[in-house]
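Input sequences plus hints: build the corresponding full structure.
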Amino acid sequence: MALRDVSVLFRTPWIIITRGLAFVIQVFVFAYFISTLIHIPGLNFWEYYSIGSVVTTIASISFVIGYDIFEEAEEGLLDYLLTLPVSRRQFIIGRALGGAIRAIIYTIPMFTVIVIFWGFNQPLSIASALLSMFLLAFGVTGMAITLAVSVRTANRFDVVIALLELAVSRASIALYPLQRLPDYVKGIAPFSPVSLASWNAWSSLAFSAPDLLNIAALGAFVAVFLGLGAAFYFRRLEGGIYA
Amino acid sequence: MFANFAIDLFITAATFGNLVTGQGVNYFLYIAPGSNLITSMVAAFQSGRDVWREKYIKDLTSYLLTLPVKRPVLAFSRVLGGVVRSVIATFPGTLVICYLYGIILSPKILLAYLIVGTFSLGIVGLSMAISAFSSSIEMWVTVRSAIQLYLSFLSALFYPVTVFPSALAPIITSNPMTWAIQAFRQLSPTQFPQVPVGDPLGSILVLMGPSLAFALLGTICYIWYSKL
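Just so you know, the protein sequences line up as chains V and C, in that order. Each residue of the first sequence is one higher than the one before, counting from 68 in the numbering used here. Each residue of the second sequence is one higher than the one before, counting from 386 in the numbering used here.
If you're looking for bench data, these hints aren't it; they were derived computationally from the structure. In this text, all values refer to a predicted model and were calculated from it rather than measured experimentally. Hints should not be assumed to be uniformly reliable.
Stated by the list, open to error - Between beta-carbon pairs, the in silico distance windows are:
no., chain 1, residue 1, chain 2, residue 2, range
1, C, Ile605, V, Pro190, 56 to 64 angstroms
2, C, Pro574, V, Thr179, 44 to 52 angstroms
3, V, Thr103, C, Pro574, 52 to 60 angstroms
4, V, Leu245, C, Asp444, 48 to 56 angstroms
5, V, Gln157, C, Ser551, 55 to 63 angstroms
6, V, Leu231, C, Thr446, 32 to 40 angstroms
7, V, Leu191, C, Pro574, 49 to 57 angstroms
Even glycine gets a Cβ: it sits at the ideal position worked out from N, Cα and C.
Here it is in structure tokens:
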């Protein structure tokens, strides 16, 4: 199942081109020019934004599994998938794992560009950043699966998932430092899973100081949403809307 | 659309307002109209997507062509319909920007809607032209994204034109977003650096050039592809 999800994403090269182009322009045009206007002592805003862009991109790609699952149910493809000789448990874990693996494969070229461009060369720091990104992808995949099987109409699903994606990424410290966020966002931003992952990635890469507490919090996020996603998905498959 | 606009304005633009300081300008007010123009751009592109869906998904184009109106009228009315939709979708957002600029009770509010309408006219035309040449929705989305990136990041939306190297100046000044945002900023009683003081009508007139050209292109493409 995981391999199938990985190959599905790479069968639509236009999506990869679009997101790749958006990433390049965002980091090397927008972030470069806007950083000439931003002066925060002790912070290289362009570097901070570059790392955050990779993290928000991985979160964004992880949400795509939700669209896939929703479409499969609408198009009747799910019935075929359920006839495959794998257990329901393997099926569900395979979907979540596939969503996370393809998100990490997809963002690795962008991550590599950033690592080379900014000269990050500590293997442990790079591994720590990648671990937090993988945990984020795994958790967001679980969140997207939970949504895809909880919301029943296509329009409502589109709106809910788009707003959630926007809120999780924007109300975070991935792209902007916490002290410069508006007051009404400051209270919630540190708890966004995107914030946890981006903070660990940035502190690992820029200061070689992984934040273990953040990694643990991301692990909890994964456990909660993977569990919820699996429970909802399992219930829908066995006697729910897909029965 | 309004939720999208609100997140753009009250999180992203507000954050940039806190980030960009010492430029002698309230940066939040400087980029605030950008949130509304981005929303109008998204709404305007939706019209082109509808035209694409009518042809490839819903198979509605043949029915529309049986209606008792001439094809050029039908085609241009599709463009105008998209503009009206976009202006309606951004109606509350435009009000919010006018409130922030302190012109909500001034006749200038009409100019604000004129700017949104003129800008949308070009984008609707452009999105309909893309629909005529895209055989798959993925291709359509890719071209749309490329245009959105150009309009958003290679314009004066986030930063003054002087930030760019001189080699990029022609690209920035020929961008319709640059003129739309400049016209909006000229509505504000606050003077922004590098925004010419005076009547926004001049900027609106410049904006009308590409907008009318794109609207014409969209109309011609719609007529051409409906014959296929």
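Against the structure, the hints come out as follows:
A C-beta distance of roughly 58 angstroms is found between Ile605/C and Pro190/V, which places it inside the suggested range of 56 to 64 angstroms. Our hint of 44 to 52 angstroms for Pro574/C and Thr179/V holds, since their Cβ atoms are close to 49 angstroms apart. With their beta carbons about 28 angstroms apart, Thr103/V and Pro574/C fall outside the hinted range of 52 to 60 angstroms. Evaluation of the 48 to 56 angstroms hint for Leu245/V and Asp444/C yields a pass: the beta carbon distance comes to about 51 angstroms.
Range check, Gln157/V to Ser551/C: Cβ separation about 60 angstroms, and the 55 to 63 angstroms hint holds. Between Leu231/V and Thr446/C the CB atoms are about 35 angstroms apart, so this pair conforms to the stated range of 32 to 40 angstroms. In this structure the hint that Leu191/V and Pro574/C lie 49 to 57 angstroms apart at CB holds, the actual value being about 55 angstroms.
Of the numbered hints given earlier, the model fails hint 3 alone.
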